[in-house]
Structure formats: C-alpha cells, structure tokens
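Build out the structure end to end from the sequences listed, making use of the hints.
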Amino acid sequence: MSTLRLLLGFDYGTKQIGVAVGQAITGQARELCVLKAQNGVPDWLQIEALLREWQPDALVVGLPLNMDGSASEMSARAEKFARRLNGRFNLPVHTHDERLTTYEAKGERLRGGQSGGYRERPVDALAAALLLEGWLSAQQTA
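Going by the UniProt record's numbering, the first residue of the sequence shown is number 1, and it counts up by one from there.
Hints listed in this document are in silico derivations from the structure and should not be mistaken for laboratory results. Check before you lean on any hint, since a few could be wrong.
[Stated by the list, open to error] Cut-off 30 Å, straight-line C-alpha distance, at most; resulting in silico cross-link-like pairs (DSS-like, lysine-lysine): (1) K36 to K15; (2) K15 to K80; (3) K36 to K80.
[Unchecked claim] Cβ-Cβ distance ranges computed for the label pairs, FRET-style: (4) L45 to A71: 25 to 31 Å; (5) Q55 to Q28: 24 to 30 Å; (6) E79 to L6: 20 to 26 Å; (7) T26 to P92: 26 to 32 Å.
Just so you know, even glycine gets a beta-carbon here, dropped at the ideal spot from N, CA and C.
Written out as structure tokens, the structure is:
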C-alpha cells in the first residue's frame, strides 16, 4: 500500500462508466467524469488520456456482486473490463465489492439538494468515488 499514492476508480456499466480519482494518503476520492460505453465497451482512447493525465499507481474496478455476495453477469463483465485495463495499460488493477454504492450515491445526490432524474444527473462518478474510498479503507484495515 505504501507505494500507492494516486488511484483511479471505475464504476463499470454497459452504457456509462463512472471514473473517480483518489489518494491513498488521505483515503479520500472525488468524482472525475462519466465515460460513455457501447454495450460495456469504453472508448479506450479516453481511458488512455485519463491515465496519461493522472498517472495513477493502480486502478480499482467496482464488482457489482449480488446482495448474497455471489457473482452476477455484470460482475463477470466488470472483471473482464478489469483484465482488459491491466492488459492494455500494464497497471495493477484491483476489484472491490461495490454493492449499494449506486444506491448510496443516489441518496447523496438527493441529500445534497440536487434534483433531476438519473438521466440528467448520473451518479456513476460519485459511485466510483464511493467504491474507491471503500477499497482504500479496506487496505488501511488489512
């Protein structure tokens, strides 16, 4: 963990992929952007540009497990996305259980007084920040 300073987190989805940036020192993350995806396939050039700009030490991909902890079709797709990130960019890629992060992100948006539906104000980047903070927290207690 000590060699990790800056990380990018990804909330994988078939239409959108939320991206967040986080720091291991503070254990905090913030929203960065939402990338469009075509049936789960991102624009790899956009991801490459983000990696060039931020130069993260590692990447974290949210794993959307079922509520009982079992794998889902989406978690299998997220794992494939994580493997592709690793293969394309040769960076360490970790996965993290992201159950309820989208639900929590939607709640935060409402508590923050931000109105508008999910289409107008997607929460994918906020969900990415929450899962990245969860991963960072788990590393500190490990």
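### Query
Of the hints stated earlier, which fail here?
5 and 7
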